[in-house]
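Asker: Take a look at the letters that make up each chain.
4 protein chains.
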Amino acid sequence: MQTTEKKKLYINGEWVESESYTPLLSPYSREVLAEIPIATKQDVNWAIVAADEARRTMAQLPAHERSAILERVVSLLQQRADEAAKLVALEAAKPITTAKAEVARTIQTYKFAAEEAKRIHGETIPLDAAPGGENRIAFTVREPIGVIGAITPFNFPLNLVAHKLGPAIASGNTVVLKPASQTPLSAYFIAELFEQAGLPKGALNVVTGSGKTVGDQIVADTRINMVTFTGSPEVGISIRNKAGLKRVTLELGSNSAVIIDEHVDIDRIIPRCIVGAFSFQGQVCISLQRIYVHEKKYKEFVEKFVVAVKQLKVGDPLDPSTDVSALISEKDVERSLQWIEEAKQGGATVAIGGERQGNILLPTVILGAAPTMKVSCQEVFAPIVLINQVSSIDEAIELVNDSRYGLQAGVYTNNVHVAWEAAEKLHVGGVLINDIPTFRVDHMPYGGVKESGFGREGIRYAIEEMTELKLIIFNRNR
Amino acid sequence: MQTTEKKKLYINGEWVESESYTPLLSPYSREVLAEIPIATKQDVNWAIVAADEARRTMAQLPAHERSAILERVVSLLQQRADEAAKLVALEAAKPITTAKAEVARTIQTYKFAAEEAKRIHGETIPLDAAPGGENRIAFTVREPIGVIGAITPFNFPLNLVAHKLGPAIASGNTVVLKPASQTPLSAYFIAELFEQAGLPKGALNVVTGSGKTVGDQIVADTRINMVTFTGSPEVGISIRNKAGLKRVTLELGSNSAVIIDEHVDIDRIIPRCIVGAFSFQGQVCISLQRIYVHEKKYKEFVEKFVVAVKQLKVGDPLDPSTDVSALISEKDVERSLQWIEEAKQGGATVAIGGERQGNILLPTVILGAAPTMKVSCQEVFAPIVLINQVSSIDEAIELVNDSRYGLQAGVYTNNVHVAWEAAEKLHVGGVLINDIPTFRVDHMPYGGVKESGFGREGIRYAIEEMTELKLIIFNRNR
Amino acid sequence: MQTTEKKKLYINGEWVESESYTPLLSPYSREVLAEIPIATKQDVNWAIVAADEARRTMAQLPAHERSAILERVVSLLQQRADEAAKLVALEAAKPITTAKAEVARTIQTYKFAAEEAKRIHGETIPLDAAPGGENRIAFTVREPIGVIGAITPFNFPLNLVAHKLGPAIASGNTVVLKPASQTPLSAYFIAELFEQAGLPKGALNVVTGSGKTVGDQIVADTRINMVTFTGSPEVGISIRNKAGLKRVTLELGSNSAVIIDEHVDIDRIIPRCIVGAFSFQGQVCISLQRIYVHEKKYKEFVEKFVVAVKQLKVGDPLDPSTDVSALISEKDVERSLQWIEEAKQGGATVAIGGERQGNILLPTVILGAAPTMKVSCQEVFAPIVLINQVSSIDEAIELVNDSRYGLQAGVYTNNVHVAWEAAEKLHVGGVLINDIPTFRVDHMPYGGVKESGFGREGIRYAIEEMTELKLIIFNRNR
Amino acid sequence: MQTTEKKKLYINGEWVESESYTPLLSPYSREVLAEIPIATKQDVNWAIVAADEARRTMAQLPAHERSAILERVVSLLQQRADEAAKLVALEAAKPITTAKAEVARTIQTYKFAAEEAKRIHGETIPLDAAPGGENRIAFTVREPIGVIGAITPFNFPLNLVAHKLGPAIASGNTVVLKPASQTPLSAYFIAELFEQAGLPKGALNVVTGSGKTVGDQIVADTRINMVTFTGSPEVGISIRNKAGLKRVTLELGSNSAVIIDEHVDIDRIIPRCIVGAFSFQGQVCISLQRIYVHEKKYKEFVEKFVVAVKQLKVGDPLDPSTDVSALISEKDVERSLQWIEEAKQGGATVAIGGERQGNILLPTVILGAAPTMKVSCQEVFAPIVLINQVSSIDEAIELVNDSRYGLQAGVYTNNVHVAWEAAEKLHVGGVLINDIPTFRVDHMPYGGVKESGFGREGIRYAIEEMTELKLIIFNRNR
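Sequences listed follow chains A, B, C and D, in order.
Taking numbering that gives the first Met the number 0, the leading residue of the first sequence gets 0, the next gets one more, and so forth.
Taking numbering that gives the first Met the number 0, the leading residue of the second sequence gets 0, the next gets one more, and so forth.
Taking numbering that gives the first Met the number 0, the leading residue of the third sequence gets 0, the next gets one more, and so forth.
Taking numbering that gives the first Met the number 0, the leading residue of the fourth sequence gets 0, the next gets one more, and so forth.
You may find that some hints are simply not true.
The list treats identical chains as interchangeable, and a pair is accepted whether it falls inside one copy or across any two copies.
[What the hints assert, rightly or not] Lysine to any residue pairs mimicking SDA-like chemistry, simulated, CA-CA at most 25 Å apart:
1. Lys424 / Glu52
2. Lys295 / Glu261
3. Lys200 / Glu133
4. Lys343 / Gln310
5. Lys211 / Lys241
If you're looking for bench data, these hints aren't it; they were derived computationally from the structure.
Here the structure is a predicted model, which means the values were calculated and not measured.
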């Protein structure tokens with residue numbers, strides 16, 4: 000890839016130029032990676048028209064053909080996995096090892112989509128269960144909802160796009176995709192794969208530009224039947240309030256936590272907690288932000304954790320040994336430092352980190368942060384983790400639940416009663432016993448409660464949201 | 000029941016007086032049926048507080064106890080069925096025979112709810128289907144969503160309330176119910192049954208007042224986790240736009256149609272079409288408003304249909320022989336007459352009806368109405384039905400689909416190929432082959448596409464909307 | 000009930016006399032309870048003819064009517080619960096308190112059946128998932144299998160009959176029931192309730208007589224489409240081998256075990272283990288027969304368990320304070336004593352019990368029994384329980400699995416890892432963590448592996464076995 | 000492939016010689032295709048030991064690995080599709096075009112298996128639906144049943160093997176496969192693919208020899224947990240009667256029929272009926288054997304059908320233009336001719352065919368055959384089809400149902416009421432509206448009623464039969 004390459008919009012199966020362009024900079028090196036088209040209102044409209052017109056074609060593709068298209072995407076991505084990982088490393092400053100793991104997961108996501116395309120089905124309804132329903136055959140079908148507007152974030156530029164495109168194509172819908180401004184390259188890359196895989200023209204359209212312009216237009220247009228968004232709660236809620244009767248799926252943020260019980264073997268869990276807290280600089284929806292350790296193990300945990308943090312290598316995302324690289328933007332580095340400062344002012348201690356190196360925020364551990372501090376109650380989306388001690392698991396559960404978010408939470412414990420109690424009481428979308436909250440495989444139902452979102456992803460669950468239930472009844476009474 | 004009875008609000012298991020009252024008039028006789036409390040902001044707040052505080056109690060009731068409460072409501076309603084029917088006949092001017100049928104269906108609805116309360120369950124997820132998911136046990140549970148704000152219409156004052164309360168209680172939620180202004184009596188009646196049935200205090204609260212005040216407050220309050228509304232599209236959309244991240248279910252209107260193919264035996268289907276068009280004065284969400292008859296049968300159909308209309312008896316809702324009584328309000332009579340007038344001006348013919356007798360609009364048949372006329376493209380919600388001829392079923396399907404609504408549609412045909420084609424092409428929530436669109440049993444999935452709504456009712460489907468999916472994972476890797 | 004009452008066969012909705020009779024004696028008092036008809040070959044044939052002819056009627060009953068019949072049985076049984084319990088106490092020598100509990104569960108069983116009758120449904124199959132399957136609509140239906148021969152045991156004369164009749168009637172089948180020779184009264188009693196509930200003639204037929212004659216005839220007759228049997232493995236296997244292509248469900252025996260881990264609070268679990276071991280004299284399929292206690296708790300457990308056994312009251316089944324009464328037959332008392340003797344000869348110790356009082360075998364605890372002894376490897380079906388110590392849970396799991404049976408097993412542990420390991424490794428139909436194996440509610444899937452049986456009961460699961468899957472495909476290609 | 004090749008048994012991942020061999024002759028040319036090992040009792044025992052010992056390995060493979068093995072088999076088979084088709088053409092005399100279609104379907108079958116391997120899951124059970132079930136978490140898991148003995152027929156030597164191996168491996172079982180004596184080559188071929196695909200040693204074992212020796216040994220061995228058999232009813236029933244408590248799935252024969260209603264366009268359906276009747280010489284379980292035509296269309300149908308039969312080309316299976324080749328054995332040619340003779344003697348007419356050319360039986364159409372003739376009431380498994388006239392569809396349905404078989408049946412009709420009536424009344428495993436009975440895609444539930452079999456295949460359904468349901472309950476009461 001040349002850094003001066005001029006990318007094109009992908010509309011109705013064509014690669015088209017735009018009126019204006021904006022340079023895409025590497026978050027790490029600040030070099031220009033490409034020139035990205037800024038879609039005009041007309042471009043976006045054209046994309047929507049194309050998607051609208053491709054509806055019938057997509058709806059009539061047999062399941063095995065939709066599946067075959069997705070299987071071909073899987074193959075193509077397997078072949079070009081290194082290229083894909085490098086793109087992500089460059090545009091998102093994601094350490095290359097982590098980027099490769101994302102590619103592997105993206106392959107899984109499309110694979111699950113290819114398979115679920117063949118499993119969309121309904122059920123029969125025994126209408127004679129009610130008086131008046133005799134002699135009728137009834138069953139449900141799931142029809143594609145139509146045109147889906149997909150708005151995706153920078154942090155998993157391949158896999159979170161796959162969680163929109165995979166189920167949408169699997170269920171016979173068409174898509175207008177607006178990727179995050181910082182990560183357009185991987186979106187255009189995947190469009191190329193779909194093109195090669197034989198996706199009908201218009202079924203996928205990719206338009207880049209600002210969220211304000213492109214995003215709002217997608218949300219407002221009445222030809223769009225559903226909006227699926229992953230990003231911040233603020234934007235998510237505003238989308239919901241503008242969406243009218245459109246269906247809306249929102250995967251928003253969190254300040255995920257793990258609880259560590261008194262008898263747990265600390266050595267065994269440290270490496271996993273490190274991964275949870277610092278993977279991709281903490282820029283993960285279910286990044287581990289808060290750790291609540293039973294007082295009997297608190298000191299040991301902090302000591303060992305800090306030792307482990309010291310071994311993390313910061314640097315160039317393309318270097319395979321790098322653990323932590325640049326944040327997605329300078330602005331985020333500054334915001335993070337301010338939040339750390341606020342915590343310090345409020346009496347919290349920075350056990351390690353708390354400084355920047357260029358756009359890299361050094362892995363940071365904060366002790367004794369109060370629940371009201373931004374580093375605790377907001378989503379940090381940076382390599383910052385809090386460790387606090389608790390005197391009981393009940394106390395820890397209350398602290399975890401005292402949040403406007405509720406995506407996932409983890410609990411390390413050997414006690415079966417504690418485990419079930421936590422599973423019941425933690426008010427989140429997913430509870431992980433003996434694991435960090437930062438666990439996701441791509442077929443599991445994923446999504447949060449409270450301000451963490453609305454609806455569930457995970458291919459089969461997303462397909463349910465992307466299809467309309469139709470009831471068909473044959474009356475046999477004559 | 001005395002006409003001067005002063006009703007009380009039902010909050011936190013108590014019957015409480017309000018600051019002010021408004022008389023409830025019979026739509027048919029205009030006599031005062033009762034004095035209805037107008038809930039203040041404080042009253043509504045109190046109801047929400049009560050519901051919020053009862054959450055934990057309800058969530059912890061075992062399924063068999065939630066079921067038992069609903070079974071007791073079933074028993075009590077069976078015992079007091081005549082009283083219930085009379086209430087509905089009086090406050091809604093629903094002909095008593097139809098009102099009795101509503102009571103019978105309401106019993107079914109609560110019965111299905113009692114049974115589904117015991118069938119809420121999740122599934123296990125084979126996480127090892129993805130690399131990285133080995134040695135984990137995962138399963139889903141469905142937790143009650145919390146406090147549900149239910150806003151219900153006048154046309155099925157018992158059964159459409161049951162479609163909110165039934166699944167809400169079945170799934171362990173609590174409810175703040177605002178019934179339609181014209182039909183509060185049946186709502187308070189059902190609250191009484193729940194009280195006798197042993198529902199925990201605060202689990203059901205009934206507050207009456209204007210939609211503007213009470214309804215808006217329910218929609219805006221952050222302690223309400225879900226709003227379930229049945230009513231007009233305008234109000235429905237405005238609720239959606241104000242609801243933030245609250246879950247919202249909307250059952251809105253329609254201008255439902257039936258298509259009649261050329262070989263169909265007209266005599267056999269006339270009685271059913273009459274029921275579809277004029278039952279409860281056409282004030283039914285899936286009332287038959289548009290009839291498209293193949294040209295080979297058009298003349299015969301119109302003649303026989305008009306003959307049948309002539310036999311309908313209009314009058315007092317309490318008279319068992321009455322087929323058609325007063326519309327719900329004077330305003331609706333006037334609106335209906337204006338729409339008929341507009342149709343006539345535009346060249347349509349009134350084959351029969353088109354006049355009022357007091358608040359009764361005589362059953363009205365309009366021929367040759369254009370698709371753009373209000374009687375065709377809006378929801379009439381009055382005893383008005385259009386009959387139009389078509390030269391093919393394809394044409395008819397296009398006419399049916401040319402609507403901003405899409406709730407249910409019927410097709411009478413003997414031809415198996417036509418039947419499946421219609422089932423596929425009709426863009427509605429439910430297609431009825433060889434039946435009118437005005438068919439519903441209370442366990443089937445019910446709801447529309449386009450502006451007919453959002454989400455599905457039918458107990459099991461409503462329960463799904465009223466519960467939150469939680470994923471629980473046990474990691475066995477050590 | 001008079002002891003000299005002469006019972007009648009119930010065939011085709013008629014109560015008919017037989018050629019010969021046999022006296023039914025109380026296992027406890029040896030008094031004659033009734034004269035029981037011995038069905039001839041002709042009687043049984045007549046019952047089969049009746050069931051065969053009623054097939055069509057039953058298959059065409061709408062679901063809500065099948066459900067209503069079962070709901071009426073529920074009501075009638077609630078009204079006559081005391082009478083039912085007394086019958087069971089008399090004919091089976093089941094302590095009256097336990098008999099009452101059985102009646103309560105039987106009510107649940109029929110209630111679940113009434114509800115599941117309305118939930119039998121199929122699913123649609125997306126045939127276009129395979130090339131060549133385009134443009135086809137496909138779905139499954141579940142049709143009643145036809146005539147079911149039900150052969151039931153003495154130990155739950157009401158509830159194990161309910162587990163055959165409930166699902167059979169719910170799914171539109173007809174039944175020829177042969178109850179255990181010792182417990183015909185409750186079978187005729189339930190037939191009476193079905194008759195009052197309006198079950199169509201011929202849908203249920205009850206014929207008493209020897210297993211050899213009546214049972215074999217049922218198994219051999221080609222008009223019987225399915226045999227459902229609960230009883231001994233020997234009889235079960237012989238039924239299977241004679242059944243040809245008939246469907247067969249077998250619920251056979253077990254020598255169920257519980258494992259007790261080292262940190263468990265012994266005081267808390269003793270009462271439950273006592274119930275598991277001695278309820279209805281241990282004559283329960285999932286009776287607790289083997290207890291494996293971690294060596295650190297073995298001594299404490301034995302001491303406290305024996306103390307608790309001493310408090311059990313033996314005596315008349317009609318006395319509400321009786322815990323343990325007579326075994327079902329003298330023969331069983333003798334067999335039990337022989338097995339105990341064999342154990343003693345082999346070096347095991349009888350900690351308490353090991354003697355008879357009339358037909359009552361005193362509650363017996365045996366320590367140090369070897370796995371090869373009959374009291375360990377056979378199903379004792381008597382108030383005998385073994386307690387053995389183990390040095391690890393793994394050892395205990397191996398001992399539990401070293402059995403030709405595999406119905407249910409329990410594990411008491413606080414450790415979450417141990418719990419999951421046991422759940423995985425125990426080779427049984429049901430694993431109970433922190434409970435005895437003697438747990439069953441009537442809607443759960445129930446049944447064993449190895450010689451414990453074949454197929455699952457629990458209403459919904461039994462219905463699946465009692466229905467035939469039919470696939471219906473509409474080809475729309477022209 | 001050389002005709003003198005000596006094949007080896009495949010046991011425990013090794014290719015092993017046997018004591019003795021038997022030549023495999025081409026049914027068409029009688030040339031020797033290979034020398035096939037005759038497994039001794041020791042060989043079979045060794046295969047069972049290997050399968051038994053591989054159980055644990057297979058049970059512990061994560062789903063994604065089981066799936067990956069099957070995906071690799073899919074790839075390998077795609078690469079070697081021509082070779083596979085040729086093997087089938089040679090050993091079974093299946094016309095090469097048909098053999099290629101079988102390979103394509105076999106690929107689908109393994110593909111579905113690969114996908115279903117990742118979808119085996121259970122569900123949670125709300126135990127608190129019953130009193131006494133409070134505070135318990137319960138869910139089901141599906142465990143592999145263990146060692147599966149698979150006995151397969153000659154007619155789809157690849158795909159019917161795939162319907163055993165696919166689901167067995169997908170669900171973590173191990174297999175001892177005994178292919179049909181006439182078609183061992185394709186079985187060894189597929190074993191080679193599994194070996195290359197990395198299936199653990201012992202998970203698949205292929206042993207050839209006589210049904211009497213090898214088959215009986217498999218059925219009798221207690222280490223075999225399930226027998227899955229496709230073949231004749233006689234053998235099937237005898238297997239069932241010897242199987243003890245083993246699970247048994249039987250896919251047996253049929254004399255499948257199609258019904259043709261009066262308004263059907265005959266020209267359109269003739270080609271499909273020809274395929275149904277003569278594909279692979281009628282040696283297909285759901286081959287079209289009986290055609291019942293409404294009297295108004297009978298003459299037209301017969302004339303056009305005979306014209307079409309005349310165009311069928313008989314000859315060498317390797318010739319791409321061949322439609323009909325040799326029957327599987329000389330014995331079958333003779334049997335077929337005898338049955339035709341019996342029909343003629345009884346008054347039936349042979350409209351065309353009825354003669355042999357070498358081992359080819361010419362495509363034969365018989366008119367006016369009585370229901371009691373062997374060609375009608377037995378499974379012909381030869382290119383013979385009956386055409387009979389009926390005066391009503393009801394009459395036709397009765398004739399179809401008057402059979403000891405019930406696999407699939409087809410009905411051609413334009414009338415929606417007739418279609419549903421037939422779907423209800425035809426007593427078969429699968430009803431095809433507007434299609435021949437000879438339709439199958441490999442994921443649909445497939446299997447018959449009456450003597451057509453027991454259990455259902457179609458990957459997901461077969462997996463259900465090949466797994467054991469285990470219930471796991473965590474008691475949270477303390």
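Asker: For every hint, state whether the structure bears it out.
Answerer: We went through each hint and held it up to the structure:
{"no.": "1", "hint": "Lys424 / Glu52", "result": "between (48 Å within a copy, 16 Å between copies)"}
{"no.": "2", "hint": "Lys295 / Glu261", "result": "both (6 Å within a copy, 23 Å between copies)"}
{"no.": "3", "hint": "Lys200 / Glu133", "result": "between (46 Å within a copy, 22 Å between copies)"}
{"no.": "4", "hint": "Lys343 / Gln310", "result": "within (24 Å within a copy, 66 Å between copies)"}
{"no.": "5", "hint": "Lys211 / Lys241", "result": "both (13 Å within a copy, 21 Å between copies)"}
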